Every structure is written in structure tokens, then in C-alpha cells.
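**Student:** Below are the chains, spelled out letter by letter.
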Amino acid sequence: MSLDAATVRRIARLARIRVDDTEVETLKSELNAILGYVEQLGEVNVDGIEPLSGGAQMALRQREDYVTDGEIAEKVLANAPDREQNFFAVPKVVE
Amino acid sequence: MSIFDLTIAQASAKLAAKEISAVELTTAYNDAVAALNPRLNAYITTTPELALEQAQAADARIAAGDATALTGIPIAVKDLFCTEGVRTTAASKILEPFIPPYESTVSAKLKAAGAVTLGKANLDEFAMGSSNITSGYGPVENPWKRAADQDAKLVPGGSSGGSAAAVAARIALAATGTDTGGSIRQPAAFTGLAGIKPTYGRCSRFGIVAFASSLDQAGPMARNTEDCALLLNAMAGFDEKDSTSAQREVPDFTKALNRGVKGLRIGIPAEYRLEGTNPEILALWDKGIEWLKTQGAEIVEISLPHTKYGLAVYYIVAPAEASSNLARYDGVRFGKRVDGVDLIDMYERTRAAGFGPEVKRRIMIGTYVLSHGYYDAYYLKAQKVRNLILRDFTTAFETVDAILTPTAPSAAFGLGEKMDDPVTMYLNDVFTVPASLAGVPAMSVPAGLNAEGLPLGLQVIGKHFDEETVFAVSAAIENAAGFSALPELRAK
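One line per chain: the protein sequences are A and B, in this order.
Heads up: the first sequence begins at 1 in the UniProt record's numbering, then just goes up one per residue.
Heads up: the second sequence begins at 1 in the UniProt record's numbering, then just goes up one per residue.
To be clear, the hints were calculated from the coordinates, so they are not data collected in a lab.
Just so it is clear, the structure is predicted and the values come from calculations on it, not from any experiment.
Please note that the accuracy of each hint is not assured.
In silico DMTMM-like links for lysine to aspartate or glutamate, alpha-carbon gap of 25 Å or less [stated by the list, open to error]:
| hint | chain 1 | residue 1 | chain 2 | residue 2 |
| --- | --- | --- | --- | --- |
| 1 | B | Lys336 | A | Glu84 |
| 2 | B | Lys93 | A | Asp21 |
| 3 | A | Lys75 | B | Glu84 |
| 4 | B | Lys109 | B | Glu49 |
| 5 | A | Lys28 | B | Glu417 |
| 6 | B | Lys241 | A | Glu30 |
Residues of chain B clear of chain A, computed beta-carbon distances all greater than 10 Å [said to hold, decoys possible]:
| hint | residue |
| --- | --- |
| 7 | Glu24 |
| 8 | Pro48 |
| 9 | Glu53 |
| 10 | Glu249 |
| 11 | Ala256 |
| 12 | Arg265 |
| 13 | Gln295 |
| 14 | Pro422 |
| 15 | Leu486 |
Just so it is clear, CB atoms sit at the ideal spot from N, CA and C, and this is done for glycine as well.
With the rest of the complex left out, here is chain A (with noise of 0.2 Å):
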């Protein structure tokens, strides 16, 4: 199976990258080499096989849910683009 220039677009929009038509063609060549490779999955027989989804040999630890910082907001803000007295700032979302 390998990708056309369309589902590269459809791609790059869910993963919210710009991408122009020089680079779909690119993209596409590379990212079909990456899943031509991946293909040999195939041959592997994973009858009755849980999937792995950590490298931790452990349940998740649990923790008691209550409030550990905070009253922090210049700290959290010193890096933003663009804010708005203690709010981020982003273009008008909704008109």
C-alpha cells in the first residue's frame, strides 16, 4: 500500500503542518519508503499477543489528587507569543 499525494495532505493537515506542493512530493516518496520498510510487520504472527504499550515493568503508580503549585502565573506565561494580562492570546476563535 503507499500513500498518494492526497493522503499526504490529509496527513499534514491532521498533524496541523503547513505543507506546500513541492513538499508533498517529497513527502510522499519518503514516507512511503518509511511504511514500505514497516511492511515486514506482516510476516510476524501475533495470535493471542497483548500489545506492549510501556517500557516501565509496572502498573502506573496512583497519587492523591490535590493541588501541588500554583499562584505561578508569571512563571507560566514568561514564554508566550503573545498574552493578554494573565491569559494566553490566540486569534479570535469564535465571532
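Given chain A, put chain B in place with the hints provided.
**Tutor:** Below, chain B without anything else, positioned relative to chain A:
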């Protein structure tokens, strides 16, 4: 003997004996960084003044009798660790500018031990690469040269390429790295260093810019196994800020170095003898087997039958996790923003301008394998094969104590080589990826030079949380190899 010849253990002894001061040591390294970094590009950010302040504090601490083995030791920190008040880039233009308001746990532990930070080391963008050429801040030059071609620039490996080049060129005494599929071990092998990827969960991931969270692990890179053990002693340990941090005691890893290998059973996996592997690499591997046998280890032929699928699993799982982790770079809360006609357009323009080509490729592959209709065929399938790879190791470790393999399929290659397509570059990680997928500890130790005069490494893989045996076997190889070659391009 030059001050740059000192290992951490030796420098620490001289600091304790007041034969040198931390300020003298740091000043020498600051000067060496200033002299060599413009050429090597091993650091993205240098912090000489901060280093000097830390060195003064270290001298005070030594005078007060409150020093650790790392107090006053000048190191490089991979620029993937967030450092409070010091620019952190992950080698990506999308984090320009970003000054973390907090410190990663691992770098905080090193600071607390009194280590001096010379600067932030270059890397592949978001740690995605095996040659350091994907860095948004330019490639790193490997200080090692081919004997017959001193002008050709070679890569230091990646993704911890800046860390590797800095330690090899002696513009850092040691460095931190991170390893997702080989990013500590392969650059260590390419630059004649020792480097260990500890067991997943051994070092906290808190404050390390995330690439693939189920694989990312921090570890040390240094001149020898002893220095790595000293660093890992300080870096490891439980951290409640990382939900996958292991609640385990941290042993003194230096105590394992002299255990020897007598009576240990060392597995040699048949599947790592890949067709077409460089005969020099295979010959070195055979030498390593011989060294361990001579020192009393029992060599056992083993099988890790799913080895050949490791890379394919990795190049589904890691991009999938990356596509999720890197969704946070949207131009809203930190880093770069490129304005657009609406919010979506702003996201798309910001990410198009901020990410380099390799990062875009991986985000898109990850997005695809997680997308509706393809999740089961790619992502779920890869997770199941990942479990088979873990089982391979679990089964092998029922009969052996450690596994010996080559670290990488070649020595350092030239800048611009292996660029034909992404998969050619990915094959660099063929020997390192399986241990990452299984979460087991693995170390690369320099074991010899190839015919061109370039360093080659051997990899020792251990059981979960048995870094001690990994250190014991690695130290035995180190002793037998007697690797003492140095790159000509270095601080002297």
C-alpha cells in the same frame, strides 16, 4: 600530564587533595570550549559565567568538607534537559525562544551534587536522528578523523552528538545524554566514549523534552565506565514527578566495576550477525567474546528471534508517541509563533516554520499510524511485536546474565553520507533499538579502532534494573581492550 587528561575520578581526587581548584579546572574547560566550539559546534549555548559561579561554590563546598565525587566537575548537559533560566532549544527552531522556568530532575540532581555546567550540548532536533545533522543549530563535527583523510568531516552520531563530540574533544569532562533508540550508545561508539542507557524508569524523565515517552531515558556519557558509574549514581533515583519512575534503591554502581566476569554467562545472539555487516565490526565482536572468555565468563549462544523487526516496530512506536508529544508546539504557550488568518492557519504556519524535515516526517508517520482505519494495522501490530521483542529478552535472561553485541553497524560516517532516504539513516540503530523497546539497560564501551583509525564500540545489555552486571561486563571489556586512542582535535 595535562589537566584535560584527568577523568572524573582523578579530577575529584585532585580537587579533594587541593592540588587543583574547581575554578582552575572550570576555567581551563571554559577556555577550551571557547577555542574549539566554534569549529565543532558541540554546544548550542555556552554558559561560562554560570560555570565559574558554580565552580566557586564547588570550591567553597570542598573547603567545607561537603563535596561529592562530582563537586567541581565540569560537564555538558544535552540541550533536551530543561535548565531553569538557561535557554533550552531541543535543537529546534520551534522553541526559539524558550527559557524554562524550572529544572529537569536529572540536571537538578547533578547540580545538587556540585557538578559545573559548561553549557547545553547540541543534538538532533528533538533527539530525532543518528548523526546530529537534523539539528536546527547546525551539524556537529566529530573530533575523530580518518587516518588517511584528515579533512573529511565525520558525524559524531546522534542524537546525543554534541554531548559525544564535547567529551571526546575534551571540551567537557563528561556529559548527559538521552537515549530513545540508541542516542547515547551510538554516538558514544562513534567517538570512543563509554555511555549507558539505564533501565527505563531508572532516571526521571521530568523536565526532559519528550520525544517518545515509553522509550526516552537519560544516561551519562564519559571517558570510561568508572566516570559513567559516578554520574549515574547521582542521576538515578525515584522521582514522584515522573509517573514511570521506578521506586527502587539506587546501588553504588562503582562497586560493580571490579566484580569481574568469572562465572557470568554471556549471551551471544545469532540474529545480530546481520548479512552484510562490516567484517571489522564482526571481528571486534569476536575479540570481545574472547576477552570475556579469558576472564572466566561462560559464552552462551542465544537467540533473540524478533531482532530483525526491532527497527520496524521502533519506526512506528516512536513517531506515534512523538506525534502526540509534539502536538504541544502550536505557537500558543511558548516558543515560536507565525501568525495566520485564523487559529488553525496559525498552528499550521507555526509548525511548518518551526519543525525541520526529519521532525515533520516523523510527526506525519506517527499521525498516519494512529489515524482511523490504520491504528490496528500499524500501531497495535507494532505494540504486539514489541511484546515479542521483550519476551525474547526475558527468555534469554533466564539462561544468561548479560548479552554482548556490537553497538553500531559501522564506524562514524561522513557528513552528508547515508542521506539517500530516511530508512538508510535509521539502519544505524539496528543493534541498539531492541534493548530500548524492551526497556533493559545497555552500555556501549570503546573496544578498538577500525582500519581507518576510527573508534568502534561493543554493547553490553543487561536485565531490567541490573545495571551493575552491565557495568561489571563493560569494565571487563574496557580493561581487556585497553582503549587509549585519542582524537587529534582536542583540548590539550
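**Student:** Look at each hint and say if it fits the structure.
**Tutor:** Results for each hint:
1. B:Lys336 to A:Glu84: Holds, because 17 Å separates the two Cα atoms, which is no more than 25 Å.
2. B:Lys93 to A:Asp21: holds (23 Å)
3. A:Lys75 to B:Glu84: Status holds; Cα separation ~11 Å.
4. B:Lys109 to B:Glu49: Distance ~20 Å between Lys109 of chain B and Glu49 of chain B Cα, so the pair holds.
5. A:Lys28 to B:Glu417: holds (22 Å)
6. B:Lys241 to A:Glu30: This hinted pair is violated, its Cα atoms lying about 38 Å apart.
7. Glu24: Holds, because the least Cβ-Cβ distance between Glu24 of chain B and chain A comes to about 36 Å, which exceeds 10 Å.
8. Pro48: holds (24 Å)
9. Glu53: About 22 Å separates Glu53 of chain B from the closest Cβ of chain A, which puts it past 10 Å; holds.
10. Glu249: Holds: least Cβ distance 15 Å, greater than 10 Å.
11. Ala256: Holds, because the least Cβ-Cβ distance between Ala256 of chain B and chain A comes to about 21 Å, which exceeds 10 Å.
12. Arg265: The assertion about Arg265 of chain B holds, with a minimum of 22 Å to chain A.
13. Gln295: holds (30 Å)
14. Pro422: violated (6 Å)
15. Leu486: holds (35 Å)
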